[in-house]
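Reconstruct the complex from the two isolated chains, following the hints.
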Amino acid sequence: MPEMNIIQAINDCLRVEMQRDSRVVVLGEDVGNFGGVFRATVGLQQEFGPDRCMDTPLAENGIVGAAIGMALYGLRPVAEIQFADYVYPAFDQIVNELAKMRYRSGGEYSAPVVIRMPAGGGVRGGHYHSQSPEAVFIHTPGLQVVYPSTPADTKGLLASAIRGEDPVIFLEPKRLYRTAKGEVPAGDYTVPIGQARVVRRAAARSERSLTILAWGGMVPTALEAADKAAGMGYDIELIDLRTLLPFDIETIVQSVHKTGRAVIVHEAPRTCGFGAELAASIQERALLHLEAPILRVTGFDTPFPYTLESEYLPDRDRILDALEKVTTG
Amino acid sequence: MADGKASSKVGSGQLTCDSVEIWSDEDYARATGLVQILDENGHADPARLPHLPSEKLIRLYQGMLGSRLLDEQLMPLQRQGRIGHYFEARGQEAGFIAGAEAIEKTDYFVQGLREGAAAVYRGLPLGKYLAQILGTAHDASRGRQMPCHVGAAAIHHISTSSCVASQIPHAVGIAWAAKIRKEPTVALGFFGDGATSEDDFHAGLNFAAVYQAPVVFVCQNNQWAISTPVAAQTRSETLAVKGLAYAVPSLRVDGNDVLAMYATIKAAVDAARAGHGPTFIEAVTYRLGAHSSADDPARYRDGHEDAIWQKRDPLLRFGRWLAERNILDSTAQAAARARITDAIRAAIAAEEAVGPPPTASLFEDVFARPTWLLEEQKAGLRNSG
Chain X
737 MPEMNIIQAI NDCLRVEMQR DSRVVVLGED VGNFGGVFRA TVGLQQEFGP DRCMDTPLAE
797 NGIVGAAIGM ALYGLRPVAE IQFADYVYPA FDQIVNELAK MRYRSGGEYS APVVIRMPAG
857 GGVRGGHYHS QSPEAVFIHT PGLQVVYPST PADTKGLLAS AIRGEDPVIF LEPKRLYRTA
917 KGEVPAGDYT VPIGQARVVR RAAARSERSL TILAWGGMVP TALEAADKAA GMGYDIELID
977 LRTLLPFDIE TIVQSVHKTG RAVIVHEAPR TCGFGAELAA SIQERALLHL EAPILRVTGF
1037 DTPFPYTLES EYLPDRDRIL DALEKVTTG
Chain G
4 MADGKASSKV GSGQLTCDSV EIWSDEDYAR ATGLVQILDE NGHADPARLP HLPSEKLIRL
64 YQGMLGSRLL DEQLMPLQRQ GRIGHYFEAR GQEAGFIAGA EAIEKTDYFV QGLREGAAAV
124 YRGLPLGKYL AQILGTAHDA SRGRQMPCHV GAAAIHHIST SSCVASQIPH AVGIAWAAKI
184 RKEPTVALGF FGDGATSEDD FHAGLNFAAV YQAPVVFVCQ NNQWAISTPV AAQTRSETLA
244 VKGLAYAVPS LRVDGNDVLA MYATIKAAVD AARAGHGPTF IEAVTYRLGA HSSADDPARY
304 RDGHEDAIWQ KRDPLLRFGR WLAERNILDS TAQAAARARI TDAIRAAIAA EEAVGPPPTA
364 SLFEDVFARP TWLLEEQKAG LRNSG
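Protein sequence lines correspond, in order, to chains X and G.
Residues in the first sequence are numbered consecutively from 737, following the numbering used here.
Residues in the second sequence are numbered consecutively from 4, following the numbering used here.
None of these hints come from the bench; they were simulated from the model.
A virtual CB, placed ideally from N, CA and C, is assigned to each residue, including glycine.
A couple of the hints might just be wrong.
[Stated by the list, open to error] For each label pair, taking beta carbons as the anchor points, the in silico distance ranges come out as: (1) X:P793 <-> G:L18: 18 to 24 Å; (2) G:I25 <-> X:C1008: 44 to 50 Å; (3) G:A297 <-> X:E1060: 56 to 62 Å; (4) X:Q782 <-> G:S57: 55 to 61 Å; (5) X:K1061 <-> G:W375: 27 to 33 Å; (6) X:R775 <-> G:T19: 33 to 39 Å.
[What the hints assert, rightly or not] The calculated SDA-like cross-link candidates involving lysine to any residue, where the alpha carbons are at most 20 Å apart (straight line), are: (7) G:K314 <-> G:R93; (8) G:K381 <-> X:I985; (9) G:K185 <-> X:G785; (10) G:K185 <-> X:D787; (11) G:K185 <-> X:P786; (12) G:K182 <-> X:G785; (13) G:K381 <-> X:H875; (14) G:K381 <-> G:F366; (15) G:K314 <-> G:A293; (16) G:K381 <-> X:E986; (17) G:K185 <-> X:R788; (18) G:K182 <-> X:D787; (19) G:K131 <-> X:E844; (20) G:K182 <-> X:R788; (21) G:K185 <-> X:D757; (22) G:K131 <-> G:A352; (23) X:K994 <-> X:E1020; (24) G:K185 <-> X:S758; (25) G:K182 <-> X:D791; (26) G:K108 <-> X:Y845.
One chain only, chain G, in its complex shape (with noise of 0.2 Å):
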């Protein structure tokens, strides 16, 4: 969207808007298609894929299978009472590994409910990650926010907020500060479907537009915001054309396509990072599991959902790409999955093994220096050493 073009109105005196143009068809064909390059069976358009080497597609499919088998043993953990919730991330994978490979490590990633496994894949320690799950002494926030909300300042990770879309004018915040500075960050925000209905969305690309901020929104609708379906959450013809109101060039990807999520979201880094300002991308994806470990799915939708998109699962259908054209063979992809697991089976038990946080630390960080009152309240513990 050229600044211009908006802005010949304001001011003007007159009565009638002028017929400026404030998307395009092409704009509106964006917003309302589907970018996708690996479709469903694992087929590839060759004339459209991104240009990755085959150490980053590896890279690519072992950061989606981490976060898969990430579920695959912390579910379990919560349902024998070792974390008190846990929300999987389960047939989400591709949108949130594309992200966190597209940008580079000053930019900032910020993250909805599901995306924590990006940290891990742009180089928090497993560890780490699972001590903020876990709720450990290791925790940065030493066991202060509920499983799934991990943020990071040597990666430039920042947590969820369980508010929902709270987290979408931080980024923008991020990315307006940056320009201002004058430096090269780009900040890339995630949030789910549900969001797009809260003020905090509606703010965060106004103000993203109006001050051309470098700041990618990535919409993970997954259908279903809890038990509320999309179609209930909203009239629009799609959640990518609310972004076209506001100026903000909009797009509707395949959301289990990791090629076009990647491609996407790396040409959306790169116009922001050139000073051509935000872009807003729906990826259309599913959630495979539960909203969280305290939910049941099975009051509210049926198993036939369920089973068409098992088929698109964006892991499968990617691990198929990958064995036809000779970058990892079935046999090396079991053989990640059994390496992956075990690592993943260790860290657990060494944090674990690490257990809670002092109790006196409830008091520190509240503040940069604690107030009288909480070294009052902090020497009132029983306990207190």
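The shape of chain X in the complex, shown without the other chains (with noise of 0.2 Å):
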């Protein structure tokens, strides 16, 4: 099995589907000749042609509602925005358009587009390099939210997202593209949109139990924190959420029924965070098997910063110490 890093397992993903399915086009800025920014295209306009992988103008506006044009009418568009900071002219086409073609056709058409994006910080991108946006998406009705942190896995569900009936929100944890690397399977490989993964396995519940919630640039740093306090006498269940919308509950609460705690980390701010929604229905089901509040670790209600990156984010560090406190007391 080849070893990749995820800017390859994109790469080597867009390959595969091209070849397997002729309505599958790349669309975006720089993607083409030059094969984009982070060099995710490299290659394809050379292998399938300027029909196939095209170099647009500068217009997410112009991106996505071209592109849901081309799957009114049967292509399967992956269009990527250079960053997600980017995204925001193209916001009412994704809302109001991309995500409520089906529903308001009563199912007569659909828009089955996926939305590249590289997303978060960690890169010294300054505000408009380094956002996490994957709340607005999931709120948005009609949209599936994807959001993977290993070579592997970014390539299945890549390819799941390309073969469903639906739009994707595809968010790339840009922080990893190179360093988290990986064996990816050859050829056709598919995971499945919905479900989570169990990076690290806690025995049983005890009082230093405990279930992490992470996904994206955040499952690195939330394995550092699992990694420095087994040694310290956790037993720590570590989820990859992968899919955000529709995630998967089944395992979330399993493993809080196990451990009996949660802390849920993310890099986005705090307020309406993903980490609400993943609380708020924890509790719903778990409640009566919570040894304490579950806690969120994430970014501050602030712009993201550029000098003070590193303070901003989640670290290591900081998770412990909510993981110290959700087992004392």
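Here it is as structure tokens:
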């Protein structure tokens, strides 16, 4: 099995999907001749031609709006928005159009568009290159939202997104693009949307057992904290949600039933972040299994900063602090 | 526009722009002039008449009349509280009925706010159209959109979006996809004068030009975006000139002249199908009614303007010409009016009796298959049957 980083996994996935289905087209800014600013689409225009991998003018609303039209006509567009922070000119097209095509037509039309966007901080990008906007898309009925953290999951989930019947917001943790490496199955490979991955298992309920929920760029950070905590006597189950909408409630609740505690880690701001929804959903189903309040370790309710980026982003020690809080008391 | 014209400066390294002619004096004249075949008095220049057999001319008239009569019956329905809102097309029928006639069944009609009756013209059963407006269980989208947002896959009709101009990139994407698939499909996209200020208009025209997509844009310039007159919308000389900057051939046409609109749209559609890319048509027309059933135009425009445009009514003008040419005399026109009125009345009665869609239908069509979240919420309905 070849080892890849996330960029290579995306490129490999797009190539495989474009080979299997002539309806799959790639469009976006700089994605063609140049291969994308992160190089995720390198070689695709050369291999499939300028009608399958298209450089667009700089207009995110135009990219998403045209992709919707293409999908209405029967194509399977994969649009790249260069940074998730740049998506807002396309916000109306995504929220009011893309997400609603199936519903507003009673299923006569659908728009199975995949919108890929590099998201999250940790690359010294300031707030125009670092935000993690998953919550706004999760809050829009009609969109599936995926946020993987490993090369294999990225390939498998992107393939599922492209083959699926619904629009997918595909957030890519840009800080892990080249640092996360792993074996990726060659050729045809899918990971089902809607299933979480248990990264690390807890043995049983104890005074130091707990579940950490994380996704995207926070998964390696959470794992680092979990590994450290294990040495301190904690028994931690780490769940990588992978798909945020629809999230895998069964895996989450099962885990909380076992461990009795939950800490949610995300880099987006705390208030109305997706952690709030998870906390509410857990307490609806597992309140009497909980030994402690559910805690969130998140970005702050500030714009994403440049110089103080590492103070803003949840790190190992902030997560360890939360683990201590939910196990003492 | 030849592809090469504007591209000679790309990557040349030179500081100054070549004096390439992006548009000629003729292009500018078309974008600022006015194509008219049938004048306000119902007189037409015989040499410029489009080639349309009598039955097609009669069909055009009946299509425009049908739209007018729908307005006449549906606006009172709103006043009686039987539908939530209504958006009249009164005065603007020529452009979209001409457009509906000018395209093929396989082509796509992407409507703006007031072109819904084009769907009926292109084969959507009247009952289905009314089901959308009444929001009944028979509506394809099961009452999920406010009135006048009809869509129908069987006839390649795409619903408008209330957000103004959002549908323009969709029309471009459809046309672009057809070009990629090497299929002879054309997209015809409608929008209003206010839409020309929106980002989606500019991105749409630019993408269409860059990719030479087979799309025809028709801007129904009805002079008013709710209360904002065109003069407050733009400092441009006309709306059509905006297309020239994108190297999209652009024309200004008398939007109340169904023959000019048909001839212009047909030529643009033929050109798009032949691989010559997009065209932008500004149809100069007038909204005889209010913006919507919730609007009162007396607060922002005077009756003087209305009186001028009443005389330019596209239906009166075309009817007069058809009668003079003995294609459809006034008796036949009156008979058509009575017949269509009865048909609409009967169809409304039949559709109103259908009633609303089942509550559980709320949860369908959000996704291809409902998520557990939707299943859970549906199961929690108080009357989930």
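*asked:* Check the structure against each numbered hint from earlier and tell me which ones fail, lowest number first.
replied: Violated: none.
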